[in-house]
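Q: Residues are numbered in this note's numbering as their position in the sequence shown, beginning at 1, plus a constant of 47.
In short, the hints are calculated from the structure, not lab data. Note that the structure is a prediction, hence the values are computed from the model and not measured. The reader is advised that the hints may include incorrect statements.
Unchecked claim - The calculated label-pair distances, taken between Cβ atoms and stated as ranges, are:
{"no.": "1", "residue 1": "Thr-73", "residue 2": "Thr-109", "range": "23 to 29 Å"}
{"no.": "2", "residue 1": "Leu-66", "residue 2": "Arg-213", "range": "21 to 27 Å"}
{"no.": "3", "residue 1": "Leu-100", "residue 2": "Val-51", "range": "21 to 27 Å"}
{"no.": "4", "residue 1": "Asp-84", "residue 2": "Ile-55", "range": "19 to 25 Å"}
{"no.": "5", "residue 1": "Gln-193", "residue 2": "Ile-69", "range": "18 to 24 Å"}
{"no.": "6", "residue 1": "Asn-58", "residue 2": "Ser-180", "range": "23 to 29 Å"}
{"no.": "7", "residue 1": "Ile-153", "residue 2": "Ser-180", "range": "36 to 42 Å"}
{"no.": "8", "residue 1": "Gly-49", "residue 2": "Tyr-80", "range": "24 to 30 Å"}
{"no.": "9", "residue 1": "Glu-56", "residue 2": "Ser-180", "range": "50 to 56 Å"}
{"no.": "10", "residue 1": "Val-51", "residue 2": "Ala-164", "range": "26 to 32 Å"}
All C-beta atoms, glycine included, are put in the ideal place defined by N, C-alpha and C.
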Amino acid sequence: MGDVFDYIEQNRDVIRFILLFIGFCTVFYLLFYRFMDYFSFLEDITASVLGFLLSLSGMDVTVNGNNVTLDGLGLRIIDECTAIFGAIVYLSCILAYPTNPGKKVIGIAFGFPALYAINMVRLVVLAVVGVSSPEAFEYVHTYLWQTIFIVFVIIIWLIWLDRVVR
């Protein structure tokens, strides 16, 4: 039993970070789901930005609320398409990490726009794949880009740790 207590004592900071991270994620997810109707504007904004970006490439794009139509492909932008969940994970990492509030603000101020930009790249790529290779869309959407986005959340957090915190 002493080994367990020794292990906990030796890893107290890591355990504290993990518990705080889980706590922040839980609170933010619960708050999001409780007030999700107030966040629906994120879907419309994301759809509008996606439509604008796709139109820059010359594609014929129509945006109606959170629906984007292009070249016969219909996309509906939902909560998961807005990067809100990646932002919640990132924010939870920032808040759980033991550093001063100023460094946390810097992490949030640079991390959120970076995540949004990466998410928009993700959506543009998905739209192009959906038009050019519909049979690959589901795989790219469900597996490839989900994994890539998670990796980017971690990379942005690690960059913050390296460049701002240390």
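Q: Hints the structure violates: just list their numbers, smallest first.
A: 1, 3, 4, 6, 8, 10
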